[in-house]
Amino acid sequence: MIGPGKYFVEGDVAAAYGAIMAGCRFFAGYPITPASEITQAMAELLPKYGGKFLQMEDEIASISAIIGASWAGIKSMTATSGPGFSLMQENIGYAAMTETPIVIIDVQRAGPAIGQATRPAQGDVMQSRFGSHGDYENIVLSPNSVQEMFDLAVKSFNLAERFRVPVILLSDAEVGHMMERLNVPEKVEILERKRAVTFEETTKWGEDLIPPMGRFGDGLELIVTGSTHKPDGTRDTGEPDVQDQLVRRLINKIEKNRNLIEDWEEIDSEDADYLIVSYGASSRPSKGAFMKLRERGLKIGYFRPRVLWPAPEKRLYELSERVKKVFLTEMSLRGYRMEIEKIFPKSVIHIPKVNGKVHSVKEVLSSIEVSI
Amino acid sequence: MNYENQEFFAPGHRACAGCAAPIIVKWVLKIAGPNTIIVNATGCLEVFSTPYPHSSWRLPWIHVAFENASAVASGIDAALKAQGKREGTNIIIFGGDGGTSDIGLQSLSGMAERGHDILYVMYDNEAYMNTGIQRSSSTPFGAWTTTSQVGPYNIIGKNEFKKPIAEIMAAHKIPYVATVNPAFLPDMKMKIEKALKIKGPKFIHAISSCTTGWRHDPSKTVEIMRLATETGIFPLWEIENGDFLKMKLTYVPKQRKPVEEYFKPQGRFRHLFQNPEKIKEIQKMVDEWWAKFENKN
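Those protein sequences? They're chains A and B, same order as listed. Take the first sequence: its position 217, counting from 1, is numbered 217 in our numbering, and each next residue is one higher. Take the second sequence: its position 40, counting from 1, is numbered 40 in our numbering, and each next residue is one higher.
Hints in this document: simulated from the structure, not taken from any laboratory. None of these values were measured; they are calculated from a predicted model. Where hints are given, some of them may not hold.
The calculated DSSO-like cross-link candidates involving lysine-lysine, where the alpha carbons are at most 30 Å apart (straight line), are [unchecked claim]: (1) Lys189(B) to Lys199(B); (2) Lys173(B) to Lys189(B); (3) Lys278(B) to Lys48(A); (4) Lys81(B) to Lys162(B); (5) Lys48(A) to Lys163(B); (6) Lys52(A) to Lys162(B).
So here's chain A without its partners, still in its complex pose:
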């Protein structure tokens, strides 16, 4: 059992602890480096908490099983990496369309294809938001420490349950495999999904645009379909308004609640002429470089989104009024670049690293020094 106190564990294990503390009682997964430690930890922990662990025959089955379990009323999660995450894309869209709360941990490794199984990368940032076909919104979080693997795993469940969306905890092999101190608190804040008692309730929503969710086994004749459907779940793929209203609501329930979801760390940006933007493992050396540059008197700020999608657009647009140059540090040639260049169209200096290693502070420093 996970008691409160200090632990020295890997990020993957910390994420499993966080999931358990958040109330996750079902895990379905398939072995893949560098996410297997989450699967193994859940296999060990869940029976002790009266939960259920299933090892599935592949990643399609893994995400399908957690969708089923979520409708049966249990908080559910899977964990994977690169190729497995690609296999899950169809059902990420399905979960968005059917408004099924699930949590997927993607411990990113270098790609494309099989790539470097044991090395970190951040090339799934766009896939984590746009990987499934069609229009939808989901939520993506980015931890940069063992502690945050725990904290953001808890938060992922809360967001998934609250907004009825698939939430992706987008880690990487560096954060997943690193060992650090973890503080497990006595209690964590837990949000539960709005539960529908009658069928009628499942067909209506308030200002937040999120209908209460029914549960299989409660006697409700629920209709759950990935086809275009009316608010009561009945399939209607012919009527243009049904698709229009459904898809707009799926997008708007995230759009309109952005202020409840967006989350970032920001240091010394008030007077900043320059800004370092980074996330996940690459934010660690970026912060080191930022501190060194500040010591030298450079007016530079540090900005790290903890939630990548929806992006903290409003705050970044505010900063763009003043900041002259933005240094985006990440382990990808594409990563978050499109988003940051959208907000700072002409002032982004991209500092990617794609050799399976995290930047050193020195590397970030020298890349910044040549551009100021």
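Using the hints provided, position chain B relative to the given structure of chain A.
Same frame as chain A, now just chain B:
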């Protein structure tokens, strides 16, 4: 042509000491010869045979993700046919048990149903060894793995039975299905030779000890694999055209050894000795299988 003196799978690869997979691969290729294209599903074999800047493969080789090997091989088969170049070339797939019985089953079944001229060799080390010993559907009942942990909540290890993949393939009514054990080399060679002479889909299920996952002394690999067959746990047989009634046992032990002898040297079964009734259960299942099939031969 006989290529027994040639090596198409070069030594010096990075398999663990005592790994049985290279023995299987080496002998399949010695019999297949140089006119062979290899399709390799993700797994230990792919990893240890191709560490940069080396490769053990002295043949054209394509590595694809777990679930795709049979489909990629189907494409190669069809494209060679379309160009009139199909004669005289072997297409051989190597996949582990996870890549075959679990995630690869769909494409394997499709390949068999469409009737491609391909030999599929599954080296069965009975778990996902490459990613850290997670259970697969081919892990036997009672085995410890990192996802079938043994402890107060589970005294058995894996609670489910091994998926009968060779029988499943035989049920596709493909021309040839056989089980092989590298500890019985002449039998294994005979079956590979036979399979390669037959046109159409062929499936060979090879037991393949993993010292790391089975937790045994690396010097005992062949002895332990021999015990798998001598205890009757891994029988050697062949089925042609899906005719189960004519299943041919190619090795019948004069006196089957008790299953304990196979379990004892392996750490993954250690906990079973605290529950002797479980071992009895397994012995009973083995005896029942033999009672059913032995007399048919």
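Results for each hint:
1. Lys189(B) to Lys199(B): It holds: about 18 Å lies between the C-alpha atoms, which stays within 30 Å.
2. Lys173(B) to Lys189(B): Between Lys173(B) and Lys189(B) the Cα gap is close to 23 Å, so the pair holds against 30 Å.
3. Lys278(B) to Lys48(A): This hinted pair holds, its Cα atoms lying about 23 Å apart.
4. Lys81(B) to Lys162(B): Judged against 30 Å, a Cα distance of about 36 Å means the pair is violated.
5. Lys48(A) to Lys163(B): This hinted pair holds, its Cα atoms lying about 28 Å apart.
6. Lys52(A) to Lys162(B): This hinted pair holds, its Cα atoms lying about 21 Å apart.
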